[in-house]
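Protein chains: 2
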Amino acid sequence: MHDKEQNAFSSWQMNCPVSIPTNADYVTLAHGEGGRLSRKLIQERIVHALSNETLLAMNDAAQLPRVTGALALTTDSFVVSPLFFPGGDIGTLAVYGTINDLAVSGARPLWLTLSLIMEEGLPLVILDRVLQSIAEAAQQTGVKIVAGDTKVVPRGAADGLFINTAGVGELIAPIPSGAATLQEGDELIVSGTIGRHGIAILAVREELGLEPLPSSDCGSLLRPVEILRESMGHQVRCLRDATRGGVAAVMQEWAEASGMTLSIEEQSLPVSPVVRGISELLGLDPLHIANEGTMMIAVKQGAGADAVSFLKSLPETADAQVVGTVKHRGIAAVTIKRTLGAEQPLDDPLGSPLPRIC
Amino acid sequence: MHDKEQNAFSSWQMNCPVSIPTNADYVTLAHGEGGRLSRKLIQERIVHALSNETLLAMNDAAQLPRVTGALALTTDSFVVSPLFFPGGDIGTLAVYGTINDLAVSGARPLWLTLSLIMEEGLPLVILDRVLQSIAEAAQQTGVKIVAGDTKVVPRGAADGLFINTAGVGELIAPIPSGAATLQEGDELIVSGTIGRHGIAILAVREELGLEPLPSSDCGSLLRPVEILRESMGHQVRCLRDATRGGVAAVMQEWAEASGMTLSIEEQSLPVSPVVRGISELLGLDPLHIANEGTMMIAVKQGAGADAVSFLKSLPETADAQVVGTVKHRGIAAVTIKRTLGAEQPLDDPLGSPLPRIC
Chain A
1 MHDKEQNAFS
11 SWQMNCPVSI
21 PTNADYVTLA
31 HGEGGRLSRK
41 LIQERIVHAL
51 SNETLLAMND
61 AAQLPRVTGA
71 LALTTDSFVV
81 SPLFFPGGDI
91 GTLAVYGTIN
101 DLAVSGARPL
111 WLTLSLIMEE
121 GLPLVILDRV
131 LQSIAEAAQQ
141 TGVKIVAGDT
151 KVVPRGAADG
161 LFINTAGVGE
171 LIAPIPSGAA
181 TLQEGDELIV
191 SGTIGRHGIA
201 ILAVREELGL
211 EPLPSSDCGS
221 LLRPVEILRE
231 SMGHQVRCLR
241 DATRGGVAAV
251 MQEWAEASGM
261 TLSIEEQSLP
271 VSPVVRGISE
281 LLGLDPLHIA
291 NEGTMMIAVK
301 QGAGADAVSF
311 LKSLPETADA
321 QVVGTVKHRG
331 IAAVTIKRTL
341 GAEQPLDDPL
351 GSPLPRIC
Chain B
1 MHDKEQNAFS
11 SWQMNCPVSI
21 PTNADYVTLA
31 HGEGGRLSRK
41 LIQERIVHAL
51 SNETLLAMND
61 AAQLPRVTGA
71 LALTTDSFVV
81 SPLFFPGGDI
91 GTLAVYGTIN
101 DLAVSGARPL
111 WLTLSLIMEE
121 GLPLVILDRV
131 LQSIAEAAQQ
141 TGVKIVAGDT
151 KVVPRGAADG
161 LFINTAGVGE
171 LIAPIPSGAA
181 TLQEGDELIV
191 SGTIGRHGIA
201 ILAVREELGL
211 EPLPSSDCGS
221 LLRPVEILRE
231 SMGHQVRCLR
241 DATRGGVAAV
251 MQEWAEASGM
261 TLSIEEQSLP
271 VSPVVRGISE
281 LLGLDPLHIA
291 NEGTMMIAVK
301 QGAGADAVSF
311 LKSLPETADA
321 QVVGTVKHRG
331 IAAVTIKRTL
341 GAEQPLDDPL
351 GSPLPRIC
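Residue numbers (full-length UniProt numbering), protein chains in the order written: chain A, 1 to 358; chain B, 1 to 358.
The reader is advised that the hints may include incorrect statements.
Remember, identical chains collapse to one label, so a pair may be satisfied in a single copy or spanning two.
Cut-off 20 Å, straight-line C-alpha distance, at most; resulting in silico cross-link-like pairs (EDC-like, lysine to aspartate or glutamate) [unchecked claim]:
no.	residue 1	residue 2
1	Lys40	Glu256
2	Lys144	Glu170
3	Lys40	Asp348
4	Lys312	Glu206
5	Lys40	Asp347
6	Lys144	Asp319
7	Lys144	Asp285
8	Lys40	Asp128
Think of the hints as simulated: they come from the structure by calculation, not from any bench.
Only chain A is shown next, with the shape it has when bound in the complex (with noise of 0.2 Å):
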């Protein structure tokens, strides 16, 4: 599917939002070699696109104030392809998804650090607008921008752009306890429908000519783990966004980490009809495509319902749903009680049969 040929450049030149008008400017290597350009770049684009004052002293490291809690740290890559698609692009995706991981670990994210690997010849109105979805993401959640790094590597090196972020929170109390501390009849909640980044992103580059394009749900989960920790308290157990391997990865790793089994019913997963429809078509099971913007959560027993009514009270888990429970370690780690038959294993692939969907 992907060859050489077809790689290159395949990244920013589908679904692209934006005109390349016919005299555009382009990265040159001489952006990222630390002289007069790589300066110009930083300060006009990077640092103008996401301004405060923290980037704008341009030192080593950015000086930070004191927190008074304990402190979550996180890191992620971005190498999703296409750079754009139905619900975001690669700078939301690095924005949102580190914000998430530091919220589901119980953090109120503070500061975001930056960094870009631009391919030789990427159009800098490519930059631009991705810059643009990272300040907007950036401000809709307050975390700030504080450090970067840019490099440009030769045409044909990587493709297009890949993003890191790195992420610095403070931990509020109560911190939920963990995967390994689950305990039978605890609750599996998902907090929305799932597999929609992935079915958007494989709309989009295998040119499946659905009319709209299913979207995304690439966003940020900072309010829903507000709302669970302010009303719910010490009855949230564990959440993780359910990024790539979908639902079922996060299911495995927590029956691993606790010994238990983590058993749901095929009947109450929250699935649209798009996915539901492409995922039959294309035989995916959407437990296994990737959310952007979903998490699962377990509270404690009997706490299911009433987290799910807190959560639908936000717009961006309106569909969250109890959709199993926590038993002692069962036929397998994982399992399902699909609509028609008996509680079987849930599969465990190797991988899943989308790359760079993140």
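Mind docking chain B on chain A? Use the hints.
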């Protein structure tokens, strides 16, 4: 020089210290997709190599203790080609680079994040070798790698292996006042012979046939910065590791930040015979060539000799020299008094002749 075919895998094939068995295992797309193979790669190779309790928890974000002081945060991506070079590899570079950014900003490095973007087909023995370098460099400098991420992109979409590290440190008083506070008479120091990293990469990449190959200065600046802080205190105005763009790029940035002229004397610059020889042969100026373990320091008038003598007590900065002074803005932002001739403006090139040196 670099067409697509040449680029593919040049990163690890060249100067590789590991022999690749004919039945070697390779990174596959499935290693990056969040399924069983992803978990296996992370647990058995990455967490194993870097083993510490925080990483073992395998949370979305590392939970870290409270830090007493103010924080510093930095990030850097590494795309060096080839992956291995005399004096280091992409792994040592990724650890020391970020540690040095924290150190010169006045911070004690505490924690690093590590994000790998791997090309499908990268031999796992190469990954293991790089992880070993990362583990050794982290241990030597007393920092912990506490969070990570791995992505795999299809063959041709990235060249071998890219690494991002982000670093969190605690600012330690007295914090250097910064380039904006430079004053007339301040003395400029370089901490060692310049241009070694860029020349080492160039010699490997262009197969110049030198024997022995010149070695990079890739290393930690933690101890030299500490000795200056402890011995010189408020006498130190600012420090900066002179990476991409070399010592010249640091001087341009400091001149911009302060509005002063930074003036150096060619004959005081420490340059090794091999760097001088290759530079003359290829028409390069060592001032523009990258370093990865050498910094520029500005100290108050009269403090230069003491600072240099403290630096000379450490093997990594045994060649430190006072190389110039800060003056009121004169004929140019940065000037050089050549060995033969009068003071003249120093070139501020658009880029540099050496892409992908870090």
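Results for each hint:
no.: 1; hint: Lys40 - Glu256; verdict: between (49 Å within a copy, 12 Å between copies)
no.: 2; hint: Lys144 - Glu170; verdict: both (14 Å within a copy, 19 Å between copies)
no.: 3; hint: Lys40 - Asp348; verdict: between (48 Å within a copy, 12 Å between copies)
no.: 4; hint: Lys312 - Glu206; verdict: neither (33 Å within a copy, 61 Å between copies)
no.: 5; hint: Lys40 - Asp347; verdict: between (51 Å within a copy, 16 Å between copies)
no.: 6; hint: Lys144 - Asp319; verdict: neither (30 Å within a copy, 40 Å between copies)
no.: 7; hint: Lys144 - Asp285; verdict: neither (37 Å within a copy, 38 Å between copies)
no.: 8; hint: Lys40 - Asp128; verdict: within (14 Å within a copy, 38 Å between copies)
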